[in-house]
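Residue numbers (our numbering), protein chains in the order written: chain A, 1 to 174; chain B, 1 to 175.
Derived from the structure by calculation, the hints contain no laboratory data.
Backbone N, C-alpha and C define an ideal beta-carbon position, used for all residues, glycine too.
Be aware that one or more of the hints could be misleading.
For the chain B half of the interface with chain A, some residues (derived, Cβ under 7 Å), not all of them [what the hints assert, rightly or not]:
hint, residue
1, T97
2, A118
3, R130
Now the stretches of chain A that chain B is said to cover, found in silico as 3 or more residues with beta-carbon under 8 Å [claimed, not checked]:
hint, segment
4, 32-46
5, 140-153
6, 163-170
If the Cβ cut is set under 8 Å, some of the chain B residues that face chain A in the computed set are [what the hints assert, rightly or not]:
hint, residue
7, I70
8, W103
9, F107
10, G162
11, L163
Below, each chain spelled out in residue letters.
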Amino acid sequence: MTLMFGLFTGVLFGWLLQRARVLRYDKQLGALRLKDMTILKFMLSAILVASVGVHLLADLGLAELSIKGTTLGAQILGGLIFGVGWALLGYCPGTSWGALGEGRFDGLWGILGGWFGAALYAEAYPAMEASVLTWGNLGKLTLPGLLGVSHWVVIALLALGCVALFRFFERRGL
Amino acid sequence: MRQEDRGMNPYVAGALAGLVLILSVLVAGQFFGASTSFVRSAGLVEQIVAPGHVEESSYFMKYLARDPGIDWQWMFVLGIFFGAFLASNATGSFRWTDLPDSWRDRFGPSRVRRFATAFLGGTLALFGARLADGCPSGHGLSGVAQLSVSGLVAMACFFAGGLITARLLYPGRRS
Numbered sequence: 001m002t003l004m005f006g007l008f009t010g011v012l013f014g015w016l017l018q019r020a021r022v023l024r025y026d027k028q029l030g031a032l033r034l035k036d037m038t039i040l041k042f043m044l045s046a047i048l049v050a051s052v053g054v055h056l057l058a059d060l061g062l063a064e065l066s067i068k069g070t071t072l073g074a075q076i077l078g079g080l081i082f083g084v085g086w087a088l089l090g091y092c093p094g095t096s097w098g099a100l101g102e103g104r105f106d107g108l109w110g111i112l113g114g115w116f117g118a119a120l121y122a123e124a125y126p127a128m129e130a131s132v133l134t135w136g137n138l139g140k141l142t143l144p145g146l147l148g149v150s151h152w153v154v155i156a157l158l159a160l161g162c163v164a165l166f167r168f169f170e171r172r173g174l
Numbered sequence: 001m002r003q004e005d006r007g008m009n010p011y012v013a014g015a016l017a018g019l020v021l022i023l024s025v026l027v028a029g030q031f032f033g034a035s036t037s038f039v040r041s042a043g044l045v046e047q048i049v050a051p052g053h054v055e056e057s058s059y060f061m062k063y064l065a066r067d068p069g070i071d072w073q074w075m076f077v078l079g080i081f082f083g084a085f086l087a088s089n090a091t092g093s094f095r096w097t098d099l100p101d102s103w104r105d106r107f108g109p110s111r112v113r114r115f116a117t118a119f120l121g122g123t124l125a126l127f128g129a130r131l132a133d134g135c136p137s138g139h140g141l142s143g144v145a146q147l148s149v150s151g152l153v154a155m156a157c158f159f160a161g162g163l164i165t166a167r168l169l170y171p172g173r174r175s
């Protein structure tokens, strides 16, 4: 049942990604070249809506949050390496499958490379565990927890920031 | 633009994707993520070639020891493929494409060049994502939506690495 939920959820998400035209190298590089902010509009809208809903569910006791631990070394170094690969590939891991689904078969090479990269990481893991994964390990940290304010304050600020950014994008025609 | 597909407003599609995430959390207790599925796939493939080696890898065993390898997220990622396939066929926007337009304009018609770069990019992206413990789905969407510090730091670094690399790949005029 869990597996069927996964498939169904993926189909809905993939459908929306395709209709928003974000499964495209041109759009992803467009954002990284600061020329076309379609993927940021999609992503920030999703984040904003989800942040309200997910925190509401958590406040009502209907769901639990699932916070990933913060390890500064891992997120900074891994994040930067990811960014380099992302700009070369032009798709992220999920969207490379979606790109293939709409016929972009350069995405397939990205997927194969991704499997290879994951296998390489499995080899590197013992070394990483002893080094990068210990650098700046702060545990499961959230921004409201760090600032000591209600999560609704942070969500309101996030919303204001997004709206300002969206207005900027639309004014500049990005 | 050589592609004439007006698509859906990205704000609307994004907001709907946010709703899908909320429903997934409510119904199945699952947040979005994609990059762990690549570890599972890589492990399953490697098991065919070198089963003993996979068994000895503490990283593969973090994921493959508990279940046969296929989990919610693996099916979710497969679903993205089918969802994009269905949507593109339903709207007549499915196209077999080997080279993205902006790539061709900049780097020419060589397929080998594009596929090799995509492979290298995929390798780096997944190595980085596994080191960071997530990709734009897990850290970006799910992480930032939960206001986690890890998600915010990772997202900032995804874009920092991407912006610098894109600048090197496409130097010169911005507009």
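Return the numbers of the hints above that this structure violates; sort them in rising order.
-> Numbers 6, 9, in rising order.
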